[in-house]
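K.L.:
Given next are the chains, with one letter for each unit.
Number of protein chains: 2
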Amino acid sequence: MNKLLLMTPGPTFVPEKILRALSKPLVHHREEEFTVLLSNCYEGLKKVFETKNDVFILTGSGTSAMDAAVSNVVNKGDNVLCVVSGKFSSRLKEIVENYGGKPEVVDVEPGGIVNPEKVREKLDKKEFKAVTMVHNNTSTGSVNPVKEVGEIVKEHEALFIVDTVSSLGGDNVEVDKRHIDICFAGSQKCLALPPGLSFITVSEKAWEVIEKKKSKPYYLNLQNYKQKHPQTPFTIAINMIYALNESLNLVFEEGLSNRIKRHQICQEMVREAVKALNLNLFVEDKVASKTVTSVEIPPLTIPQEIEKLNISLKKKRDKALRETLKRYGVLVAKGQSWNVTKDKRVDLFGKIFRIGHMGFIYPRHVLKTISALELTLKELKHEFKEGEGITKAQEILEKNMKHINEI
Amino acid sequence: MNKLLLMTPGPTFVPEKILRALSKPLVHHREEEFTVLLSNCYEGLKKVFETKNDVFILTGSGTSAMDAAVSNVVNKGDNVLCVVSGKFSSRLKEIVENYGGKPEVVDVEPGGIVNPEKVREKLDKKEFKAVTMVHNNTSTGSVNPVKEVGEIVKEHEALFIVDTVSSLGGDNVEVDKRHIDICFAGSQKCLALPPGLSFITVSEKAWEVIEKKKSKPYYLNLQNYKQKHPQTPFTIAINMIYALNESLNLVFEEGLSNRIKRHQICQEMVREAVKALNLNLFVEDKVASKTVTSVEIPPLTIPQEIEKLNISLKKKRDKALRETLKRYGVLVAKGQSWNVTKDKRVDLFGKIFRIGHMGFIYPRHVLKTISALELTLKELKHEFKEGEGITKAQEILEKNMKHINEI
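Sequence lines, in order, name chains V and L. Heads up, the first sequence stops at 407 in the numbering used here, and the numbers go up one at a time, no gaps. Heads up, the second sequence stops at 1407 in the numbering used here, and the numbers go up one at a time, no gaps.
Take these hints with a grain of salt, some might be off.
[As the list claims (entries may be wrong)] When the alpha-carbon atoms are kept at most 25 Å apart in a straight line, the in silico PhoX-like pairs for lysine-lysine are as follows: (1) Lys228/V with Lys1017/L; (2) Lys1017/L with Lys1126/L; (3) Lys1315/L with Lys1212/L; (4) Lys1125/L with Lys226/V; (5) Lys1214/L with Lys3/V; (6) Lys76/V with Lys1216/L; (7) Lys214/V with Lys1102/L; (8) Lys213/V with Lys1214/L; (9) Lys381/V with Lys319/V; (10) Lys1212/L with Lys17/V; (11) Lys1319/L with Lys1385/L; (12) Lys1319/L with Lys1308/L; (13) Lys1214/L with Lys214/V; (14) Lys213/V with Lys1342/L; (15) Lys1024/L with Lys3/V; (16) Lys1385/L with Lys87/V; (17) Lys1212/L with Lys76/V; (18) Lys1126/L with Lys342/V; (19) Lys1399/L with Lys1319/L.
[Claimed, not checked] If you only want the chain L side, here are some residues facing chain V, beta carbon under 8 Å, derived: (20) Pro1011; (21) Gly1060; (22) Ile1095; (23) Lys1102; (24) Val1105; (25) Pro1194; (26) Tyr1219; (27) Leu1220; (28) Gln1223; (29) Asn1224; (30) Gln1227; (31) Ile1238; (32) Met1240; (33) Leu1380.
[As the list claims (entries may be wrong)] Far from chain L by the CB rule (all over 12 Å, computed), these chain V residues: (34) Lys3; (35) Glu16; (36) Glu33; (37) Thr35; (38) Lys47; (39) Lys216; (40) Lys326.
I should point out that these hints are in silico values taken from the structure, not numbers from a laboratory. Built from N, CA and C at the ideal position, the CB exists for glycine as well.
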């Protein structure tokens, strides 16, 4: 049994009820009973995406939906405006290039967010097939102003393609209000399934573009999914649908807005505790993600057994911090690196660590995490006042008790 | 709980042990512990594929591997020789077309198998980038002579791409002996996992072609998988890997050859029982699949409530037979249809039904199926001698008791 608490920004802790749903004996995917279950899932997903657009479920990881979002739309030579604010928005740009599109980058300072006016400037100057961006930056913990950018893109020909992989179900996504043409997410983030499914929404404006496109992917051809809807063109991951159905039930039992509030409370607990522990947050409060928090790794006394290893200093720093935390029962994620343009690379490995607080992470998990963090920092001789982190987290919890069903 | 026995040719009955593995709490997929588990799975898969070639695991249904097999290899304008002997070999041809390849069809009579000399003739006349075929025809229940065709393809430039989706783990696949360059399978067939993973092997000869190819898929780019091996480029379906590991353990506990023998015994039980019930088998004994058996639907007395429906005769026939069987607790599959060429379509719907006997189907499941079939045929007024099917199946079982560990 896995006793390590996954405080990573996906995969995240999967509750017992969802694991049990996953292990139900299979019905055949072409049976009426299963079609009904699929239809329920589409309805639920529409509610969390906050959209009336078509929603499809792909058997594949989040990147399969990313691929579909681009390869169903972008022709060779198409200009695409790519807001690059982290690893996954960089991947979107890479996919555009892969399919022969010409990405033009709007560069965002790591940990910051895009200035919508920069997008407007670009769109006013040239014709773009699409604008790609990430809502919630899993690699930094900042949240892009999707609504503001959406208002701007709406006035242009370009499609608005938004990755909500690490926000769907943990923050408002508002596909319709924000004029998102293609929006996608993965299963192992705020919906807290295991990885293996992804979800994608398609607007009328997007369908017009997709229908005109000549070269198409096969497995990820969205028209094929539309045609077979509510059934699927290929055999879907049946047991993952059981788990998805259960996860959606749990979301609506709690209520989407209560759920988002809970994410926010956990976020605040983490952020205030981190500050109290004399650590630096990587992202400012006003643009901070509700689902993932990046923290700078402070100067540390690296343990002897790590110090003597023949690895780089940043590897030593990452290892010291995350392995000690792991010994105290909590897994957090390392800093990532990505290409912004050909000549510019961001590397946060060894500089930050990331705490995921998404899906079914409750205040009790945050308290355990802060406690583990205090013990870790003490062991690694970081200067801070013992107990201050936990005290601060408790304060936030106390203040928010009226919003909380379960601690 | 699902009490219906899945005697469909995938998804198939998933045993309790595999379902339990599926619902284990998650470790993070980038942790050492998980990399070790992945490596175990690759080793196991190599044994069932009978290959020393690289093996990769894709998060996606069987069609994702089909897509990868073609889209990593076939350029616009490439000639590809497509042996079309059923629905899935037709799909391979469709994928070739989708990516701009020029398929040339070797047409196989439904239920029959390809004549290897026809392949030789074509290959001797023109240059082909690849030859595609299906080993075990899920849609008909016939088995193509992969070894003989492999010997021929080997002497040419063409790559040999073989779909073993419904044979891997239930019949010998012998990737290396049969000179298969790209071979793939899905999880929900003879390995008896739920759907959601696929497996693909790549030979040195295939890598040379793949490395030279300019346009590439993104999510399904095999080079990317090779580069990250034994890890995966994108988040893999973690819990499905737990299940795969358990399934492979069960395969080797039984022994691959014992397992194949068991599939053959179940096949013989089904075939002999069907004959004894005065039904026609769709495929001759000597080319019959070990994992799926197609049976012609006999003239039936269609029940009143189905007769009065406003649907075609073939729909009525299919419904009468399969719904009655379902009432007796067994689900079998309908006949499928596919395009052979632009002008030729095969339609077996309402003409045959298909019994899957793959994965963890034991003689007890076959006996239950034959019993349900007898009761169904009696109800639908087919002429046969009651008990003859079961008696025949038992005879085969009795004769093979020495090969069987579990009834």
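K.L.:
Now look at each hint and say whether the structure bears it out.
P.N.:
Going down the list of hints, with the structure as the test:
1. Restraint check for Lys228/V and Lys1017/L: not satisfied, since their Cα atoms lie roughly 33 Å apart, outside the 25 Å limit.
2. Taking the CA atoms of Lys1017/L and Lys1126/L, the gap is near 50 Å; set against the 25 Å cutoff, the hint is violated.
3. For the given pair, Lys1315/L sits about 48 Å from Lys1212/L by alpha-carbon distance, which is inconsistent with the 25 Å threshold.
4. Taken as a hint, the Lys1125/L and Lys226/V pair is broken in the structure, with Cα atoms around 41 Å apart against an allowance of 25 Å.
5. A C-alpha spacing of about 46 Å is found between Lys1214/L and Lys3/V, which places the hinted pair above 25 Å, so the restraint is violated.
6. The hinted pair formed by Lys76/V and Lys1216/L meets the criterion: a straight-line CA distance of about 13 Å does not exceed 25 Å.
7. The suggested pairing of Lys214/V with Lys1102/L holds, with an alpha-carbon distance near 16 Å, which does not exceed 25 Å.
8. For the given pair, Lys213/V sits about 20 Å from Lys1214/L by alpha-carbon distance, which is consistent with the 25 Å threshold.
9. About 15 Å separates the Cα atoms of Lys381/V and Lys319/V, which keeps this hinted pair within 25 Å; it holds.
10. For the proposed pair Lys1212/L and Lys17/V, the alpha carbon gap of about 48 Å is over 25 Å, so the pair is violated.
11. Between Lys1319/L and Lys1385/L the CA atoms are separated by roughly 23 Å; this keeps the pair inside 25 Å, and the hint holds.
12. Note on Lys1319/L and Lys1308/L: the hinted pairing holds, with a Cα-Cα distance of about 12 Å set against a maximum of 25 Å.
13. A C-alpha spacing of about 19 Å is found between Lys1214/L and Lys214/V, which places the hinted pair at or below 25 Å, so the restraint holds.
14. For the hint linking Lys213/V to Lys1342/L, the alpha-carbon distance of about 22 Å falls within 25 Å, and the restraint holds.
15. A threshold of 25 Å between alpha carbons decides the hint, and for Lys1024/L with Lys3/V the separation of about 11 Å falls inside it, so the pair holds.
16. Between Lys1385/L and Lys87/V the CA atoms are separated by roughly 68 Å; this puts the pair beyond 25 Å, and the hint is violated.
17. With a CA separation close to 19 Å, the supplied pair Lys1212/L and Lys76/V stays within the 25 Å bound.
18. For the suggested pair Lys1126/L and Lys342/V, the alpha carbons sit about 43 Å apart, so the restraint of at most 25 Å is broken.
19. For the hint pairing Lys1399/L with Lys1319/L, the CA-to-CA distance comes to about 35 Å; that exceeds 25 Å, so the pair is violated.
20. Interface hint at Pro1011/L: satisfied, since its Cβ lies 5 Å from the closest Cβ of chain V, which is below the 8 Å cut-off.
21. A distance limit of 8 Å between C-beta atoms decides the matter here; for Gly1060/L the minimum to chain V is near 5 Å, and the interface restraint holds.
22. With a cut of 8 Å, the hint placing Ile1095/L at the interface with chain V holds, because the nearest CB-to-CB distance is about 5 Å.
23. The beta carbon of Lys1102/L is not positioned within 8 Å of any beta carbon in chain V (closest approach about 15 Å), and the interface hint is therefore violated.
24. Checking Val1105/L against chain V by beta carbon gives a least distance of about 18 Å; that is not within 8 Å, so the hint is violated.
25. Of the supplied interface hints, the one on Pro1194/L holds, with its beta-carbon coming within about 4 Å of a beta-carbon of chain V, less than 8 Å.
26. Because the smallest distance between the Cβ of Tyr1219/L and any Cβ of chain V comes to about 4 Å, under 8 Å, the interface hint for this residue holds.
27. Proximity of Leu1220/L to chain V holds as hinted, the smallest CB-CB distance being about 7 Å (cut-off 8 Å).
28. A cut of 8 Å between beta carbons decides the hint on Gln1223/L: the least distance to chain V is about 12 Å, and the hint is violated.
29. Annotation: interface hint on Asn1224/L violated; nearest CB of chain V at approximately 10 Å, more than 8 Å.
30. Because the closest C-beta pair between Gln1227/L and chain V is about 14 Å apart, greater than 8 Å, the hint is violated.
31. For Ile1238/L, the interface hint holds, the least distance from its beta-carbon to any beta-carbon of chain V being 5 Å, beneath 8 Å.
32. Residue-level restraint check for Met1240/L holds (minimum Cβ-Cβ distance to chain V is 6 Å; threshold 8 Å).
33. Below 8 Å, beta-carbon pairs count as interface contacts, and Leu1380/L has none with chain V, the closest being about 21 Å; its hint is therefore violated.
34. For Lys3/V, the non-interface assignment is contradicted: its Cβ lies about 9 Å from the closest Cβ of chain L, within the 12 Å cut-off.
35. For Glu16/V, the non-interface assignment is contradicted: its Cβ lies about 9 Å from the closest Cβ of chain L, within the 12 Å cut-off.
36. The non-interface label for Glu33/V is inconsistent with chain L: the shortest C-beta to C-beta separation is roughly 9 Å, within 12 Å.
37. The Cβ of Thr35/V lies farther than 12 Å from every Cβ of chain L, with a closest approach of about 15 Å, so its non-interface assignment holds.
38. Annotated as non-interface, Lys47/V keeps its C-beta farther than 12 Å from every C-beta of chain L; the closest such distance is 24 Å.
39. With a closest Cβ-Cβ approach of about 7 Å to chain L, Lys216/V is found to fall inside the 12 Å limit, against its non-interface label.
40. Distance check on Lys326/V: its Cβ comes as close as 9 Å (rounded) to a Cβ of chain L, failing to clear the 12 Å threshold; non-interface status is violated.
In the structure shown, a violation is registered for the earlier hints numbered 1, 2, 3, 4, 5, 10, 16, 18, 19, 23, 24, 28, 29, 30, 33, 34, 35, 36, 39 and 40, in ascending order.
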